[in-house]
Structure formats: C-alpha cells, structure tokens
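Residue strings, one per chain:
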Amino acid sequence: MKFSIVRSKFLDGLQRIQNVVSGRGTLQILQNAMIEAEGDRLCMTTTDLDISERCYVECQIEEPGSTTLPIRRLASIIRELDEGKIMVEVDEDDVATVQSGSSYFKIIGMSVRDFPPVPVTEGKFCYRIDQGVLREMLRKTSYAISQDETRRVLNGVLMAFKDNKLTMVATDGRRLALVEQEIEFPPEAEAELILPNKAVTELMRLLSNEGDLKVYAQTNQAVFEIGTTMMSSKLIDGVYPNYRQVIPGACDERVVIEREALLSALRRVSVVTTDKSNATRLTFSANQLTISINTPDVGEGRDTLPVKYAGKEISIIFNPEYVMDPLKNIDDDEVYLEMNDGHSPALLKCNVPFLYVLMPLRIS
Amino acid sequence: MLVRMVKDGHIRLLPIHVANKIAAGEVVERPASVVKELMENAIDSGATRIDVTVTAGGRKLIEVRDNGGGMGRDDALLSIERQATSKIRDVDDIERIDTLGFRGEALPSIASVSRFTLKTRREVDEAGSELVIVGGSLQDVREAGLPVGTTISVRDLFFNVPARRKFLRAFQTEQAHIRSVFTLHALAHPEIGMSLTSDGRELARLPPDATLEERVRDLFGADFCAGLVPLDRTRGEIRVYGFAGLPNQTRTDRSEQYIFINRRPATAPVIAYALREAYPPLEGNRKPIVLLFIEMPPEHVDVNVHPTKREVRFHKPVDVREALIAAITEAIGNTHRHKNNEPADAPPADTKAAAHDTQDTRDTQDVSLRTLVPEAAARPFDYPAPVPLPLVDAPRPAAVPFPAPMQPAPVPPPTGKGLPLFADPHAGSPWRWCRVLGQVGGRYLLLETDDGMVTVDPRAARERVLYERLMDNARSGETLSQRMLLPETVQLAPRDAARLRKHLSVVQAMGFGVAEFGSDHFIVESLPAALGTVSCRELLGNIAHDLETAGTRRGAEKWREELIAKAACRAVTGSSEPLSEEAAERLVNDLAATRMPYTCPRGRPTMIFTSYRELERKFGR
Chain A
1 MKFSIVRSKF LDGLQRIQNV VSGRGTLQIL QNAMIEAEGD RLCMTTTDLD
51 ISERCYVECQ IEEPGSTTLP IRRLASIIRE LDEGKIMVEV DEDDVATVQS
101 GSSYFKIIGM SVRDFPPVPV TEGKFCYRID QGVLREMLRK TSYAISQDET
151 RRVLNGVLMA FKDNKLTMVA TDGRRLALVE QEIEFPPEAE AELILPNKAV
201 TELMRLLSNE GDLKVYAQTN QAVFEIGTTM MSSKLIDGVY PNYRQVIPGA
251 CDERVVIERE ALLSALRRVS VVTTDKSNAT RLTFSANQLT ISINTPDVGE
301 GRDTLPVKYA GKEISIIFNP EYVMDPLKNI DDDEVYLEMN DGHSPALLKC
351 NVPFLYVLMP LRIS
Chain B
1001 MLVRMVKDGH IRLLPIHVAN KIAAGEVVER PASVVKELME NAIDSGATRI
1051 DVTVTAGGRK LIEVRDNGGG MGRDDALLSI ERQATSKIRD VDDIERIDTL
1101 GFRGEALPSI ASVSRFTLKT RREVDEAGSE LVIVGGSLQD VREAGLPVGT
1151 TISVRDLFFN VPARRKFLRA FQTEQAHIRS VFTLHALAHP EIGMSLTSDG
1201 RELARLPPDA TLEERVRDLF GADFCAGLVP LDRTRGEIRV YGFAGLPNQT
1251 RTDRSEQYIF INRRPATAPV IAYALREAYP PLEGNRKPIV LLFIEMPPEH
1301 VDVNVHPTKR EVRFHKPVDV REALIAAITE AIGNTHRHKN NEPADAPPAD
1351 TKAAAHDTQD TRDTQDVSLR TLVPEAAARP FDYPAPVPLP LVDAPRPAAV
1401 PFPAPMQPAP VPPPTGKGLP LFADPHAGSP WRWCRVLGQV GGRYLLLETD
1451 DGMVTVDPRA ARERVLYERL MDNARSGETL SQRMLLPETV QLAPRDAARL
1501 RKHLSVVQAM GFGVAEFGSD HFIVESLPAA LGTVSCRELL GNIAHDLETA
1551 GTRRGAEKWR EELIAKAACR AVTGSSEPLS EEAAERLVND LAATRMPYTC
1601 PRGRPTMIFT SYRELERKFG R
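These protein sequences, in sequence, are chains A and B. Counted the way the working numbering counts, the first sequence spans residues 1 to 364. Counted the way the working numbering counts, the second sequence spans residues 1001 to 1621.
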C-alpha cells in the first residue's frame, strides 16, 4: 500500500476518529486505526467494539491496500510535521514508512485481519435530520441520562420516530427531559432506539451546525452518517419505560420566570449546599419567587426575584442541580414552571417543544 | 510487689484468710515467669534502672539487676529461707505453699528449681550480701562488695526437674515469651529505664523517665505509633488512658492488645467485649491494636481470679465497659469538632512561622502521658520531627500549609492540585494534606499524603460516606427524600416480605418511600436524597435479610437504623466508569470528613496506607 496525502486533511481525519480509542485497554488492535486505500480516497476506521467511527479522506493512491496503525502515535507524528505532502508506504509486514520533507518515520502496525468487523451503513430505515437540530435535541436531554447501571434502559436517550416526529427522552428516575421535532419519514419506519450515553457524547462532538445527517437504524445498532464521517453504535436493548404516564396532565398554577435570573439566583444560593444536604426551597407568592437554602452546620442563603405569578402560595423543595440542568441547556429568555402543589411533580417548559418533569423532595 | 526490699522487718506473712483467697498455681512455669517475678520485685524495690540478661532463652541464665532499695542480710535470708525450706520439706503440699503468702512463694520457688544467686546491698550498709542457693538448699551466705540494689541470677532453670525441662520449647519461643513479659512491664513503667540482653545481644534499651508515648515508640517504632491515637477519659471512678489503634491497623489475634489495670498487665472478658463494641466491625474478626491503662480504686477489682493474675474480675463490669467504650469511641471517632479552626484555603503560611510553630507544638505536646494533660491526649503522635523543609518561596499549589510539617514534606510538592482537606492537622482527618494522583486498575484511587501513599477503594469509601449521611439524617430525625418519577415495584420472597413488613415503619422514617403493594410486592416511591442511585430490588432484599440475621442485637438504640443504612449502602450502584477528577476529589474529601474513615460500614478497609518509610525500606534505602 502506498499513498500520498495532504498533511492537514490527513490530520483532520485522524482527529475526527481517534476519540473512541481509549489509550489503555487490553486489546492492542483497538489502539489502531484500520486504514484502507482504494480508488481516490483513504478509509480510516476506529472502534472500541461499542462505537465505531470511520471517515474518508482524499488522497493519491499509488498502490491500494490496507493495514492498521497505532492512531495516537500516527496522529502525533502528523501533527508535528510541517504542512505539505506526506508519503506513506506500508510493506507486507504492516510496517509503515512516513516521509515528509526531511522527516522520516517507521511505524509498526498490525495486520488488518485482526481488526474487528465494522458495521455497514445499511439499515432497515434511514432518517434524515438537520445536524444542528439533532445536536440541540441531544443537548436539551442528555444531562438527564441515568448513571445508574442497574437500569440499563435509562443509560441512554430514547429516540422515538413516531407520528412524523422525533421525540427524544432522557430520565434518571428523578427528572425527565423531553424534546420533540417534526421530521419526515415513511410511516413504516416508525421505531424506537435507545442510544447509549457514550454514543450521545460522541455524536454531539461530531455534529456540526450545518447540513443534514442520515441515521440508519437496525434492531441493535444505529449508524450516523455525517458528511464523510460515520459513527455507528450499539443500541441499548430493552423497552424504555412509558414516559408519557409520568408527565403531569394539567397543572393548576403557572409561573413565568426569566431563565437567566432564575439560574443565577440558584447558582448563588446553592453555594451553601453540601452533598449531604442540598434541599432548596422555592416559595412562590404574588409575582415573587423566594429561593432559600438552610444547611445545618454550613449556613443559609436566600434570594428573591420577580416572576409573573398570580396563583396561590406554593412552597416546593428541589435539588437545585435538577433545576439548573435544564436552565443551562435551553436558550429561551423565559421559562414556565407549572405546579399543582408542593409535593406533586412540577413541569418546566419553554417556547420550543421542550418539557422537563421534576420530582420535588419531601421532608419527613 | 510483696517482697518490699527496702528495710528490714518489712517482710511479713500475710494473714491466712488473705492467703487462702489466692488461687493455687505454679509460679514458675517457664523462664518467662521467672523474668516476670523478678522484674516485679525489681519494680517494687523502687528501682530506676532494671537490666535483664538472659542466655539460651533463659535456660542457662536469667539475671535481673536493679538499682532499687536492696535488702539487708536478714531480709535477704528471710525472703529466701523460710519459704524455700517449707517448699522443700513438702513439695506435694500445694495447700500449704499457698498459705505461705501472696506471691511470697516467688523467690523460694524459683530458687528451688535453679542455681540461684542473690546479691543485694542497701545504701546504708557498708557491704552487700551474696546468697547462693542450689535446688532450694542454701549453700553459701557471704559478704561482698556490691553496688546498691539487687541482682538475682537464675542459672540452669529446672536442672533438678527433668519433667519441666523437657517441656521447655525452643530457645526462640522462650525468648519471645521473655520479650513479651519484658515489653509488658516496660510499658507499665515508662519511668524506669530498662534493658533486655539476650545471648549478648541487646534487644532493647529503654531510657528512664520516658513518657508513655516515648516508651511505645522505643519499643515498637515510629511507624507503629503513627497508627495510634491517644486517649484519656475519666468516667466516674474509672480512668482510661493510653492509645487506641486506628481501625485500619488490625491483627488477627490479641497479641497487640496491651491492657493494664492499675498498672498491672491484666485482662478480663469484659474488656474484649468493650473493644468489640467500641470499634466498628472489623473484617474477618480481626482485633484492634490497643494500649490501655485502666485505673480505678483497688477495691473495685479482684486480681485473684487466676494464679498468674493475668485475668481479673471487676465488681462493676458495666462501668468498666462503658468507660472503655466512651474513651475509645471518642479517640478513634475522631475529633471532628475541632476542625475548621482555619479556613481551608488559607494562604500558604510563612516558612519561618511554620518552623516556629512546629517547635511550639512539639513543646506543648511533649507532655508526659503519666500526667496526661487533656490537650496532649487529644493529639496524635508527634515525632521528633526533622526541621521543616526550607520551602522555596514559590507557592505550593493549593497544598494546605500545616502549622507543623512533621515529616519531610513530599519534595517538591508536585504540580497539580492538592486537596485542602483540613487546615488543622489534628482534626481527625486521616491525612493532613493529600492529592489525588489518579485511579489504578480502573478502580482504586491513589493519593499522595505527607506521610506516604494511600490507596483508597472508592466503593468502600462511598459506602462509608453514604452510611454516615443516612445515619446523620436518622439521628436528626429529619429526612429528606427524593420522589421517584417512575416508582419501582419489587417482589420479595414471602419470608423477606414478612420481615420487611415488620420493620416497615423504621424504613419509612429513614426516608425510604416504601409501601406495600399487595402479595409480597413493595413499591418504592421515594428514596433518601442523600443516597443517590440504588438498585431497589437489592435495597429491599438487603434490608430484609439484614434485619433478620441481626436478631435483637445489643441494647444499642438505633440498631435498626444502622442496619438499614448499611444494607442501603450496599445496594448503591457505583458506576464502572473511572471517576472523574472532581468526583474523586469530592469522594476523598467526603471520606476524610467522616467519623470513621478507615473502614466501610461492614468493616472492610477503605484505605491502605503505605508510608514513605515503608517504601524506602522496601527499596533498600
């Protein structure tokens, strides 16, 4: 195998896919990227067996072939080289020679036969979504993903393609975030996928703000095609809990709050919380919200802010982190908090199809 | 103790009724018992220096030399003769030997089974006396030029009792026994200078007028001391002082439990019981290290339970137990109340000031434990510290300055963040300064502290932190529970379900929103907010199981809460992902702030400490 490639393109490709390579791990081959030269482009693939990433880079191929090379070392070398053309030649023992200007390197690789098979981009269904939209949806929900490994189905986001909508849901059993977006797909392509947390993080990194991406869904894996980059991930097997039933129907009271003001007030007051005790009391009275925290042995904090509210006085206790999380990840100026009383679930909404259910804390 | 060797006329027969109370038993069982009797006599003679020399594990020679009061010739003869003769006249008559007095039999019985030489001189006498006894019969009494004090040499022990000789163990074993007898007496009397020489090799040389902690350090080394916390507490008429080992330093047996009752090495079943109560459960039934001195009016303790007086009986065992538990829990339960004397993020102290402080602290701490000042007791050991490192002016990154950098600080404090754990080095944190280096094996956290390296098991650490949070909540009576969005139903086995039902109110009071859901199903609607994520199935199963196996343990209040908290902590699901840097630091901080950071609620260690000294030793430096 022999090819010549522009340094910046090569480096860009390597950097896009090297994130799944952990740097430690038991399988040596997983430290390597599979590099295949065919036609007029290089196909580079990495995998950690759960997630695989692949990208295509233009190059001039003199002799097609394939190999695997340690990606971190390769990327470090390419990064340090001066801009220009790089010649790469790999012999039959998978030893690569990298030459650029006055620099010369030999890197020992491994045979491509040892590299695990990587999923193909074919799926039963293909959905087309705007990259920026998907990224926003992930941002608005992913913080609510459960870290509790005993309930596997909650360790990811649910992507439900149904009724010409993509509904994305994440919950950890204490709060739930949900966003919806209308997209077009044939009715027979209705499906539910649970994308694991790690793939969500990786996907958010790869997505840009422009252009569409294609999602190929199969029963146990999904492939995301973003321009010349592809990411495939295993899906979490299982049935996502019926999230509709935990969303309160109609609420008696509705408060309009400035998002930034609420967020900064909570930030200030939660300075006096500890891991042990983080109960934050929100008291809503006529056009006023009082946030107060009283932590034994630490101190107390109180802040008031104007809100639009005309209902009965409600006092409700939340974990402040759970209130701040959605506020940090939406951009609207105003949010709406809907409640019935101090001990039923509350609902946070904004002007986009976003919904956040949070359970209050109870003192006994 | 009985043979007061001070003045003539002080040797006396004990009244028969006292003597009769004394349990029967052989005094001389093995060379170590000779050492014990002779050392006790030497201590009672008011000596300030006692030298013990043994050869061949005590078989060939045991010599105890003191500089005490000494004896006049008449007393010397009396102490040997009367009882020695009686013993030789009627060897089998144990009853009669007993009547001869409380421990009065010591010297004569030793003399009867060895070649015995007693050399003694009082200060008032011009010349001393030398007595030679072989197999119990007085061979020679002569005047001799001698230093003040008494020297007793016992040669060829059991030379005339072949049966006994046969049962002696290897030299090493006998020597080990002698050594432990020596250690016990050395601990009980730090004011007396002592030395132990075996086969010409000096095994210990202990300077006189030592404090207890100096004596402990001389005997066991500084590493041993690092794992001890001092204690001193008086409860009613009972004073308990000494040192308690931290729960992460345990032994498989009681060999390192040194207990003295009114300065007499002794033990009693109630003490072992109290230790079990005072310490958190220790893994594998291991035993803590303790050095305890219990002092109480002599009439409240009966030392005549056992002939060797190792086992005693208390008239009010409950008081003793309570006093012990209170003293130990106070010491190892950490002096948390003392913390936050100084803001944790205080700017690095001036080097000179720090050096000065060191000196000061050391001076104030250098208080004899015999006259225990409370402050001294509340502090951990202070080593004769090397001069604090000449710190470069460059600020040590976030590492908290300690008023008393007693060990050479890690040189140089590597870049990276240090954890300002406690400004006060005596605040009960396991370390004064630490820095999380990272996670090894995808699991254990590695910390650098100023004394060494600490490996922390995050899972055990998390259990400890959560356990204390839950118990704090349970004690304060106010619980905060987080309602679940998706209540979980759990089906239990019928027996488990019945147990859980029985204690459901306690479980609920602790903030677990658990309710019956019909036919052995339970629904979990809320969980204590402090708990984090748990597996509900495991949670309820654990609680039911533990409540049953515990039965109605000890009268301690809140035992059910403790059990439930422990069961709950076990159900907490840790993520298998490596901890983030912040999460690791938070966990380490939380752990250091607990009352019992060294073990998880089940008694497993949360951390393993490797001192720099140990590392150096292993690297052969």
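Keep in mind that the hints were calculated from the coordinates and are not lab data. Check before you lean on any hint, since a few could be wrong.
Over 10 angstroms on every C-beta distance to chain B, these chain A residues come out as not near it, computed from the model [as the list claims (entries may be wrong)]:
#1 Ile29
#2 Asp91
#3 Lys124
#4 Arg151
#5 Asp172
#6 Thr219
#7 Val246
#8 Ser264
#9 Tyr309
#10 Pro345
Covered stretches of chain B, as calculated for chain A (at least 3 residues, CB under 8 angstroms) [to be verified]:
#11 1478-1486
#12 1521-1533
C-beta atoms are modelled at their ideal positions from N, C-alpha and C, and glycine is treated no differently.
Just want to verify: Asp172 (chain A) was marked as not at the interface with chain B; is every Cβ pair farther apart than 10 angstroms?
violated (7 angstroms)
Please settle this one: Val246 (chain A) was flagged as non-interface, so is its CB more than 10 angstroms from every CB on chain B?
violated (5 angstroms)
Minimum C-beta separation from Arg151 (chain A) to chain B exceeding 10 angstroms: can you confirm that?
Given a closest Cβ separation of 8 angstroms, the condition is violated.
Is the claim that Tyr309 (chain A) lies outside the interface with chain B correct, judged by CB distances over 10 angstroms?
holds (23 angstroms)
Within the assertion that chain A covers the region 1478-1486 of chain B, do at least three residues meet a Cβ-to-Cβ distance smaller than 8 angstroms?
holds (count 9)
Least C-beta distance between Asp91 (chain A) and chain B, which was stated to exceed 10 angstroms
holds (36 angstroms)
Non-interface claim for Thr219 (chain A) versus chain B (Cβ beyond 10 angstroms):
About 25 angstroms separates Thr219 (chain A) from the closest Cβ of chain B, which puts it past 10 angstroms; holds.
Checking the smallest CB distance to chain B, is Ser264 (chain A) really beyond 10 angstroms?
Its Cβ never comes within 10 angstroms of chain B, the nearest being 22 angstroms, so this holds.
Given as non-interface: Lys124 (chain A), which should sit over 10 angstroms from chain B by C-beta
holds (30 angstroms)
Assertion that Pro345 (chain A) lies farther than 10 angstroms from chain B (Cβ)
Given a closest Cβ separation of 7 angstroms, the condition is violated.
Verdict on chain A covering the region 1521-1533 of chain B, where coverage means 3 or more residues with a C-beta closer than 8 angstroms
holds (count 4)
Just checking, Ile29 (chain A) versus chain B, shortest CB gap more than 10 angstroms?
Non-interface label on Ile29 (chain A) holds, nearest chain B Cβ at 20 angstroms vs cutoff 10 angstroms.
When the structure is compared with the earlier hints, violations turn up for hints 4, 5, 7, 10 and for no others.
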